[in-house]
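Start from the sequences, fold in the hints, and give me the full structure.
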Amino acid sequence: DQQVKQNSPSLSVQEGRISILNCDYTNSMFDYFLWYKKYPAEGPTFLISISSIKDKNEDGRFTVFLNKSAKHLSLHIVPSQPGDSAVYFCAARPKMNRDDKIIFGKGTRLHILP
Amino acid sequence: DAGVIQSPRHEVTEMGQEVTLRCKPISGHNSLFWYRQTMMRGLELLIYFNNNVPIDDSGMPEDRFSAKMPNASFSTLKIQPSEPRDSAVYFCASSFGLAELVYNEQFFGPGTRLTVL
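Read top to bottom, the protein sequences are chains A and B.
Counting from 233, one number per residue, gives the positions in the first sequence under our numbering.
Counting from 157, one number per residue, gives the positions in the second sequence under our numbering.
Simulated from the structure, these hints should not be mistaken for laboratory data.
These figures come from a predicted structure and were not determined experimentally.
Ideal placement from N, C-alpha and C gives every residue a C-beta, glycine not left out.
Incorrect hints may have been included.
As the list claims (entries may be wrong) - Cβ pair distances, simulated, as ranges:
id, chain 1, residue 1, chain 2, residue 2, range
1, A, I250, B, N186, 34 to 42 Å
2, B, E239, A, P241, 24 to 32 Å
3, B, M171, A, Q313, 38 to 46 Å
4, B, R241, A, Q234, 13 to 21 Å
5, A, P241, B, S243, 16 to 24 Å
6, A, I252, B, E261, 33 to 41 Å
7, B, V209, A, E274, 41 to 49 Å
8, B, E218, A, S301, 33 to 41 Å
9, B, T194, A, V310, 28 to 36 Å
10, A, K303, B, E174, 26 to 34 Å
11, B, G253, A, S240, 17 to 25 Å
12, B, E218, A, I250, 41 to 49 Å
13, A, N299, B, M171, 45 to 53 Å
What the hints assert, rightly or not - Footprint (simulated), chain A over chain B, 3 or more residues, beta carbon under 8 Å:
id, stretch
14, 175–181
15, 199–211
Written out as structure tokens, the structure reads:
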């Protein structure tokens, strides 16, 4: 039972264009959402996050949008660069957990094409 | 700081053998997490500790899996006996939990790639 769903296993985007990675969740008790980025042979690293009281958070080329009514969030990368090629994991934290337990999706592999 | 350290980086073993994965969290961190990554299930949380005490082991798949944290700087994940379906990448992560922060970032180690033949 996947509470955090990333339905696209992979995505290819031309360099310079916008990359949009999508994530859906089922648990309305999630109050904090995160994106992690993972390169081959390395552990995931934190990228950007958003609290459920917001609908947008921006950090440089990365913007996360949250639509609570649709239980959907997305990560926008613009412009996309070759170094953005990686696996991106969406994650969420249940509100009752103040101990930082988070639930990850399966990940989406992003390929930036030259 | 060297970050989260995991050993070994790669492990190949035969079905039925005992496997022990090791993790050294970042010094000063008080929470430690063990994850397993597979193509089918993505990143699954197996167990996590806070101040060396296991808090939630609901993700541990079977009794064949066990984890310990004897002190703040060391944790092990043991599989006995191992099976081919245990083949995956196992990650350890640590964080420093401050109640006043909205979220305490988890820092991941490089992972151990386990292959059970």
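Going down the list of hints, with the structure as the test:
no., hint, verdict
1, A:I250 / B:N186: 34 to 42 Å, "holds, 39 Å"
2, B:E239 / A:P241: 24 to 32 Å, "holds, 25 Å"
3, B:M171 / A:Q313: 38 to 46 Å, "holds, 43 Å"
4, B:R241 / A:Q234: 13 to 21 Å, "holds, 19 Å"
5, A:P241 / B:S243: 16 to 24 Å, "holds, 19 Å"
6, A:I252 / B:E261: 33 to 41 Å, "violated, 24 Å"
7, B:V209 / A:E274: 41 to 49 Å, "violated, 29 Å"
8, B:E218 / A:S301: 33 to 41 Å, "holds, 39 Å"
9, B:T194 / A:V310: 28 to 36 Å, "holds, 31 Å"
10, A:K303 / B:E174: 26 to 34 Å, "violated, 42 Å"
11, B:G253 / A:S240: 17 to 25 Å, "violated, 33 Å"
12, B:E218 / A:I250: 41 to 49 Å, "holds, 43 Å"
13, A:N299 / B:M171: 45 to 53 Å, "holds, 46 Å"
14, 175–181, "violated (count 0)"
15, 199–211, "holds (count 6)"
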